[in-house]
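Enquirer: Okay, here's what each chain looks like letter by letter:
There are 2 protein chains.
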Amino acid sequence: MSQGLILFAHGARDPRWAAPFEDTAARIRARQPQLLVRPAYLDFMTPDLAGAVAELVAAGCTRVDVVPMFLGSGGHVRQDLPRLLDELRQRHAGLTLQVHTAIGEMPSVVQAMADAALAATGDAA
Amino acid sequence: MSQGLILFAHGARDPRWAAPFEDTAARIRARQPQLLVRPAYLDFMTPDLAGAVAELVAAGCTRVDVVPMFLGSGGHVRQDLPRLLDELRQRHAGLTLQVHTAIGEMPSVVQAMADAALAATGDAA
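Top line first, the protein sequences correspond to chains A and B. Residue 1 is where the first sequence starts when you use the numbering used here, and the numbers rise one by one after that. Residue 1001 is where the second sequence starts when you use the numbering used here, and the numbers rise one by one after that.
Treat the hints as calculated values from the structure; they're not laboratory data. Glycine included, C-beta positions come from ideal geometry on N, C-alpha and C. The reader is advised that the hints may include incorrect statements.
Claimed, not checked - Ranges of calculated distance between the beta carbons of each label pair, as one might list FRET restraints:
#	chain 1	residue 1	chain 2	residue 2	range
1	B	Arg1083	A	Gln98	20 to 30 Å
2	B	Ser1002	A	Ala93	25 to 35 Å
3	A	Ser108	B	Pro1033	33 to 43 Å
4	A	Thr62	B	Thr1096	24 to 34 Å
5	A	Gln98	B	Ser1002	22 to 32 Å
6	A	Gly51	B	Ala1026	19 to 29 Å
7	A	Glu87	B	Gln1032	39 to 49 Å
Claimed, not checked - From the structure, some residues in chain B lie toward chain A, with a derived Cβ separation under 10 Å:
#	residue
8	Phe1044
9	Asp1048
10	Arg1083
11	Leu1085
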């Protein structure tokens, strides 16, 4: 019985855009190798959310956590994502799909962004 | 001679989307009150980058750092932002406008995202 984690991001036309999500996934795998971590994208990039969930279910996951890799919560997090999750819960009856707070709204991430932005101004001064 | 910092984000239709940027700005102000910190948005929200820069110049800033509040660097960071900065450097001849790495590509932020995503899966288990 495996557990999965999907880092659900917006996607972009430029393949270099995905680097931070791959980097985040690699750091999570390094800390918790038994957790199956997959990036997934709303648009432009693959896999999409349905593809990532199907892959994790095929790998034996009965529980998949979804962390929205969005800084703010607008229409994509508040409307598109719940709609996608509803469809996937119907498709995968035995699966627990748990969505979490958007990454940019987690206080530790906000603090890291504030520290990094402030450090950047100092580095360049 | 004041120094300014602009947190340059994408913008969205939902006003709640801006919360993490306001939160980041507030944390920076708490640590460095003399730094003039302003969010600015590419689209949907105000001020735009030109408006934020004009405000900081009017407040006496001769140097403004711009941190792209984007997780990944695609067209917005690699093409839109440099074009906007070129225009602003022509408009404000005495101003030093320094752009930095996108916030989501800063290693400390990536590590914070990995830690927060992993903690979220544990919280809910």
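Enquirer: Hints numbered earlier in the text: which of these fail when held up against the supplied structure?
Expert: Of the numbered hints given earlier, those the structure breaks are 1, 2, 3, 4, 5, 6, 9, 10 and 11, listed in rising order.
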